[in-house]
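Assemble chain C onto chain R, guided by the hints.
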Amino acid sequence: MADQTTTQANDAAVVAGDTAAAGTIDAASGAGAAVAADGAAGDRPVKIVGIVCNWCSYAGADTAGTGRFKQPPNLRLIRVPCTGRVDPLFALKAFEKGADGVLISGCHPGDCHYSEGNYYARRKFELLERMIHHLGIPKERFRWTWVSASEGQRWQQVVTEFVAGVEKLGPREGRAL
Amino acid sequence: MRIGVFVCHCGSNIAGTVDVDRLAERALTLKDVVHGEDIMYTCSEPGQAAIQKAIEEKKLDRVVVAACSPHMHEPTFRRCVDKGGLNPYLFEMANIREHCSWIHTDMPVATDKAWDIIKMAVAKARRLEPLFSNEVEINKDVLVIGGGVAGIQAALDLADAGLKVTIVERETTIGGVMAKLDKTFPTIDCSACILTPRMVDCGQHENIELMTYCEVDKVSGYVGNFTVDIRKKASMVDWSKCIGCEICVQKCPSKAPDVFNVGLEPTKAIYIPFPQAVPKRAAIQTEYCRYFQTGKCKVCERVCPADAIDFEQKDEIVQKRFGAIVVATGLDVFDWETGYPEYGGGKIKDVISGLQYERMLNASGPYGGHVHRLSNGEDPKTVVFIQCVGSRDESVNRPYCSSVCCMYTAKQALLTKDHCGSDVEVYVFYIDIRATGKGYEEFIKRVQTEFGVKYVRGRVSKLYEDGGKVMVRGVDTLLGEQVEIAADLVVLATGIQAPEGAKDLAQKLNISYDEFGFMKEGHPKLRPVETNTAGVFLAGVSQGPKDIPATVAQASGTASKVLGLLAKDKLKTSPMIAIVDQKNCVSCWKCIDVCPFSAPEKQEQRDGTFKSHVIETVCQGCGVCVATCPVNTISLKGFPTDAILDQIEEVLQPTPSH
Numbered sequence: 002m003a004d005q006t007t008t009q010a011n012d013a014a015v016v017a018g019d020t021a022a023a024g025t026i027d028a029a030s031g032a033g034a035a036v037a038a039d040g041a042a043g044d045r046p047v048k049i050v051g052i053v054c055n056w057c058s059y060a061g062a063d064t065a066g067t068g069r070f071k072q073p074p075n076l077r078l079i080r081v082p083c084t085g086r087v088d089p090l091f092a093l094k095a096f097e098k099g100a101d102g103v104l105i106s107g108c109h110p111g112d113c114h115y116s117e118g119n120y121y122a123r124r125k126f127e128l129l130e131r132m133i134h135h136l137g138i139p140k141e142r143f144r145w146t147w148v149s150a151s152e153g154q155r156w157q158q159v160v161t162e163f164v165a166g167v168e169k170l171g172p173r174e175g176r177a178l
Numbered sequence: 164m165r166i167g168v169f170v171c172h173c174g175s176n177i178a179g180t181v182d183v184d185r186l187a188e189r190a191l192t193l194k195d196v197v198h199g200e201d202i203m204y205t206c207s208e209p210g211q212a213a214i215q216k217a218i219e220e221k222k223l224d225r226v227v228v229a230a231c232s233p234h235m236h237e238p239t240f241r242r243c244v245d246k247g248g249l250n251p252y253l254f255e256m257a258n259i260r261e262h263c264s265w266i267h268t269d270m271p272v273a274t275d276k277a278w279d280i281i282k283m284a285v286a287k288a289r290r291l292e293p294l295f296s297n298e299v300e301i302n303k304d305v306l307v308i309g310g311g312v313a314g315i316q317a318a319l320d321l322a323d324a325g326l327k328v329t330i331v332e333r334e335t336t337i338g339g340v341m342a343k344l345d346k347t348f349p350t351i352d353c354s355a356c357i358l359t360p361r362m363v364d365c366g367q368h369e370n371i372e373l374m375t376y377c378e379v380d381k382v383s384g385y386v387g388n389f390t391v392d393i394r395k396k397a398s399m400v401d402w403s404k405c406i407g408c409e410i411c412v413q414k415c416p417s418k419a420p421d422v423f424n425v426g427l428e429p430t431k432a433i434y435i436p437f438p439q440a441v442p443k444r445a446a447i448q449t450e451y452c453r454y455f456q457t458g459k460c461k462v463c464e465r466v467c468p469a470d471a472i473d474f475e476q477k478d479e480i481v482q483k484r485f486g487a488i489v490v491a492t493g494l495d496v497f498d499w500e501t502g503y504p505e506y507g508g509g510k511i512k513d514v515i516s517g518l519q520y521e522r523m524l525n526a527s528g529p530y531g532g533h534v535h536r537l538s539n540g541e542d543p544k545t546v547v548f549i550q551c552v553g554s555r556d557e558s559v560n561r562p563y564c565s566s567v568c569c570m571y572t573a574k575q576a577l578l579t580k581d582h583c584g585s586d587v588e589v590y591v592f593y594i595d596i597r598a599t600g601k602g603y604e605e606f607i608k609r610v611q612t613e614f615g616v617k618y619v620r621g622r623v624s625k626l627y628e629d630g631g632k633v634m635v636r637g638v639d640t641l642l643g644e645q646v647e648i649a650a651d652l653v654v655l656a657t658g659i660q661a662p663e664g665a666k667d668l669a670q671k672l673n674i675s676y677d678e679f680g681f682m683k684e685g686h687p688k689l690r691p692v693e694t695n696t697a698g699v700f701l702a703g704v705s706q707g708p709k710d711i712p713a714t715v716a717q718a719s720g721t722a723s724k725v726l727g728l729l730a731k732d733k734l735k736t737s738p739m740i741a742i743v744d745q746k747n748c749v750s751c752w753k754c755i756d757v758c759p760f761s762a763p764e765k766q767e768q769r770d771g772t773f774k775s776h777v778i779e780t781v782c783q784g785c786g787v788c789v790a791t792c793p794v795n796t797i798s799l800k801g802f803p804t805d806a807i808l809d810q811i812e813e814v815l816q817p818t819p820s821h
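Chains as they are written, first to last, in my numbering: chain R, 2 to 178; chain C, 164 to 821.
If a hint is listed, it holds; no wrong ones were tucked in.
Lysine-lysine pairs mimicking DSS-like chemistry, simulated, CA-CA at most 30 Å apart: (1) R/LYS94 with C/LYS746; (2) C/LYS666 with R/LYS125; (3) C/LYS765 with R/LYS125; (4) C/LYS443 with C/LYS459; (5) R/LYS94 with C/LYS800; (6) R/LYS71 with C/LYS688; (7) R/LYS125 with C/LYS671; (8) C/LYS746 with R/LYS125; (9) R/LYS125 with C/LYS753; (10) R/LYS125 with C/LYS381; (11) C/LYS443 with C/LYS404.
Just a sample of chain C residues kept apart from chain R, beta carbon distances all over 12 Å, derived: (12) ILE406; (13) GLY540; (14) THR545; (15) ASN560; (16) TYR627; (17) GLU647.
Chain C is nowhere near these chain R residues, computed Cβ spacing over 12 Å in every case: (18) GLU130; (19) GLU168; (20) LYS169.
Hints listed in this document are in silico derivations from the structure and should not be mistaken for laboratory results. All C-beta atoms in this analysis are idealised placements derived from N, C-alpha and C, irrespective of residue type, glycine included.
Extracted from the complex, chain R is given alone in its bound form (with noise of 0.2 Å):
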């Protein structure tokens, strides 16, 4: 795949690149202008990396299974302890690794298993929000939230709506980030 041959050029760009705009990225990959470009090519399902905790949106995402909340297919789960846990690399790794979309969630602030990881969590994925962009891959292909494990019924709306917004960009095809 385009994506594993160009993640050299395209680590060297966004070290050589720094927050320069997305578009040396862009040119190191020769994948042309950033957002016009995310998403040109292909029709393939979008995929998703979704990471959520144990204790909240985990529990949150069986409920809707159990009340049968019906979504759509794209979403593949990883579970962690606590959104305190993530490292934002994984989100990174994901993108690099080809992902349309990455989705964090977890419990609602004031709700964490652990009493505070979330908080920790907020701090960081606020500020990978803002680097995500930067380096120029859309604002619609990166959401965290969170969901509680009584609401099923949030689960099955949160996933439908990031989905519809990633499968309006499409596939990133071609790019490594």
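Quick look at chain C alone, frame taken from chain R:
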């Protein structure tokens, strides 16, 4: 490495939407997978035996089960592989039911997704390592939060079994809502007659400490070792001296709203809620006390024969340690005045709530059991009950059924006939009658036929005053026509809601709650009294609306679960915790800064320097330190970074479409 993959049909729950047979076969194409098998019910005895057989015959060193949620059966399969001779942590679960077959309908699409989920689980399984539990000493004392019938029952069961129990109750007495009730359905037992002996038992039990007029301030620690800060609210009365003689209450010149009597008649600024209170101790509501408001009075201090009044008293924090916590926080009655302006919003005197009517009926209530109109004191000739006020009504954000109102309305209708004579007209407006308990349906029938209470199926749209009557305008949906009744007294079957502060308490305990503030159980059917936080249990309405029999049964169920937990002397801790590779530690102490449990410590090395070390029995395994460590030298056992990155990489590998 030799990985076995077991794909569960779960009857048709999974196999109905996912091509299970093909996935089991296809798993063999994955690196390191030497065994692939589909099983009808993997959690069943033959299913588990098949896993154990494969472990032995194929010399498996990792097991992946693709089935339901790990929240459902991860413990089951960990035990299964453990018995099969494999370390229980060399097991990984792929959730292809809740996260796949139950939310998709198209078989090829669902099968493709299930394949990805299995691949990710196998990728993680490759990174798993054997883990071993530690053991910690446990404290066997139990905290029961809430002194209603749920808390009382749980406390008595636990105390009788020999455990030390502390009941924390925010009012000055235990008893809760049940102490306010007149009679109980369907037996028309006297509520106080069956509850107050239990209250006294609690007060006198050698293993029970009552901490009334107290609230839980802060909770830390974990199962077996909770530390709880309890706030003893200032009652302005030294309870070690107070003898509950009520002289101060009689002489106090200041009136205050009576919470116990649901605001029907005022009480005094210094009060004892009711004669059978346990403990029977006075407290001053300072916001209504003449001395606290004007600086002059002190009548109570002068008349108190025990010299118990203490105007200088301050709130006090008491710290206690417990092994388990029972949440039995009960309920509040729905605030109908703001929710239903069409029923007068509290401005029509002869429209009262179900709980107020309960106090009116009660012989020890403010009216000695005399049913009358609050507007003029006359006996009512026509009484109308309206059901589902604050239940099954989305317009007031109470879509749920409060589960007790149908029955308590029928009981109150019967008691109305009993108190006022059989010639009084009694109407009940209802949506549906829910009488599912033992003897409940028969009771409703008796009220309708034997006592002649008229049931009208329909909602009341408006209550208004006219000519000294309360006009009840509604619809009879069975006759299909408008009805209007001139009533003397209207009783609203006000619903149940989570008590004030329920969410705050849930957050202190790190337990989940639903959008209405009811606490979330571990599993609605299989773990109905546990929460997802080990060591924290639920009893009574804190978990959801229920009647007294269900509450008491659940409280005893909770007590047995607590006993099961505390029957052991030591508790196995989860080995899925953080560990520091000290050779790379740069002693920045960021892990210490972020840890919510103070698990990392500075450990002195042989050369006199200090490096971070995570105390195994304190770490709860959240992994915040892992994601914070700037040199990546902390890892989380069970969720190593490599495994997560492998999962990401695996799922994004392009796969040929099938």
